[in-house]
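*Asks:* The lines below spell out each chain.
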Amino acid sequence: MNPLDSLSGTIISGLVFTVIMVVLINAIGA
Amino acid sequence: MEFDHTWWTFFIRWLHVLSGFMWIGLLWYFNFVQTPSMPKIPDEQKPAISKVIAPAALFWFRWSALSTIIFGLILAQMNGYLTEALSLGLSDHVAKHAAIGFGMWMGLIMMFNVWFIIWPNQKKALGMVEVSDEERPKAARRAGVTSRVNTMLSIPMLYAMVSAQNLY
Numbered sequence: 000m001n002p003l004d005s006l007s008g009t010i011i012s013g014l015v016f017t018v019i020m021v022v023l024i025n026a027i028g029a
Numbered sequence: 000m001e002f003d004h005t006w007w008t009f010f011i012r013w014l015h016v017l018s019g020f021m022w023i024g025l026l027w028y029f030n031f032v033q034t035p036s037m038p039k040i041p042d043e044q045k046p047a048i049s050k051v052i053a054p055a056a057l058f059w060f061r062w063s064a065l066s067t068i069i070f071g072l073i074l075a076q077m078n079g080y081l082t083e084a085l086s087l088g089l090s091d092h093v094a095k096h097a098a099i100g101f102g103m104w105m106g107l108i109m110m111f112n113v114w115f116i117i118w119p120n121q122k123k124a125l126g127m128v129e130v131s132d133e134e135r136p137k138a139a140r141r142a143g144v145t146s147r148v149n150t151m152l153s154i155p156m157l158y159a160m161v162s163a164q165n166l167y
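Protein sequences appear in the order of chains A and B. Residue 0 is where the first sequence starts when you use numbering that gives the first Met the number 0, and the numbers rise one by one after that. Residue 0 is where the second sequence starts when you use numbering that gives the first Met the number 0, and the numbers rise one by one after that.
Quick caveat, the hints were computed from the structure, so don't treat them as lab data. Treat the hints with care, since some could be wrong.
[As the list claims (entries may be wrong)] Pulled a few chain B residues facing chain A out of the computed Cβ check, cut under 10 Å:
1. N78
2. G88
3. F111
4. G143
5. T150
6. P155
[Unchecked claim] Have a look at the derived ranges for each label pair, beta carbon to beta carbon:
7. B:E1 with A:I19: 23 to 29 Å
8. A:A29 with B:F31: 23 to 29 Å
9. B:R135 with A:M0: 40 to 46 Å
10. A:I19 with B:D3: 25 to 31 Å
11. A:A29 with B:F10: 44 to 50 Å
12. B:P46 with A:S5: 23 to 29 Å
13. A:L23 with B:W62: 45 to 51 Å
The beta carbon of each residue, even a glycine, is placed where N, CA and C say it ideally should be.
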């Protein structure tokens, strides 16, 4: 199932991407 | 008040944010309002959306996407971190540059999606260009999924933009 088929799946995917990105930013900036 | 570098940087940022509000506002209108509402609209009323409202919204959508990116790139250059941000902070290990860089790359991908995937496919889906009956639903699907991708990307993109200015 594609999470982007629903609005809630789209938002949750966006939040998951945000967490991954924050980890990467902190790793790069360390 | 002096019209110095600080003022012009503020002014470009203001234009960047104005354009960005229109772009992401319309993106969210499409995904949060228009698309979910279409199945609830009677068939004889659907042309009001597909022939009038959607083409007008798409006009402002694609041009505000372009102006957001142009003003954003000018702003990054004026702030002196364009190269460092585009290299995701990997060249200088500054978290602020990594944050704004992630936001910039997501914005660039989103703008590419608008102009080269969403807009050409929406023209087919809305009947603004002639396509076969077989091609039309495929184009609508491609435009819809890409619009969803942009909605998903808008969440970390805005986190990156705001955190670069306020957290790092």
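*Asks:* Compare the structure with each hint and give your call.
*Replies:* Here's how the hints hold up against the structure:
no.: 1; hint: N78; verdict: 17 Å, violated
no.: 2; hint: G88; verdict: 5 Å, holds
no.: 3; hint: F111; verdict: 17 Å, violated
no.: 4; hint: G143; verdict: 9 Å, holds
no.: 5; hint: T150; verdict: 5 Å, holds
no.: 6; hint: P155; verdict: 4 Å, holds
no.: 7; hint: B:E1 with A:I19: 23 to 29 Å; verdict: 42 Å, violated
no.: 8; hint: A:A29 with B:F31: 23 to 29 Å; verdict: 37 Å, violated
no.: 9; hint: B:R135 with A:M0: 40 to 46 Å; verdict: 25 Å, violated
no.: 10; hint: A:I19 with B:D3: 25 to 31 Å; verdict: 39 Å, violated
no.: 11; hint: A:A29 with B:F10: 44 to 50 Å; verdict: 34 Å, violated
no.: 12; hint: B:P46 with A:S5: 23 to 29 Å; verdict: 27 Å, holds
no.: 13; hint: A:L23 with B:W62: 45 to 51 Å; verdict: 32 Å, violated
Checked against the numbered hints listed earlier, the structure breaks hints 1, 3, 7, 8, 9, 10, 11 and 13; every other hint is satisfied.
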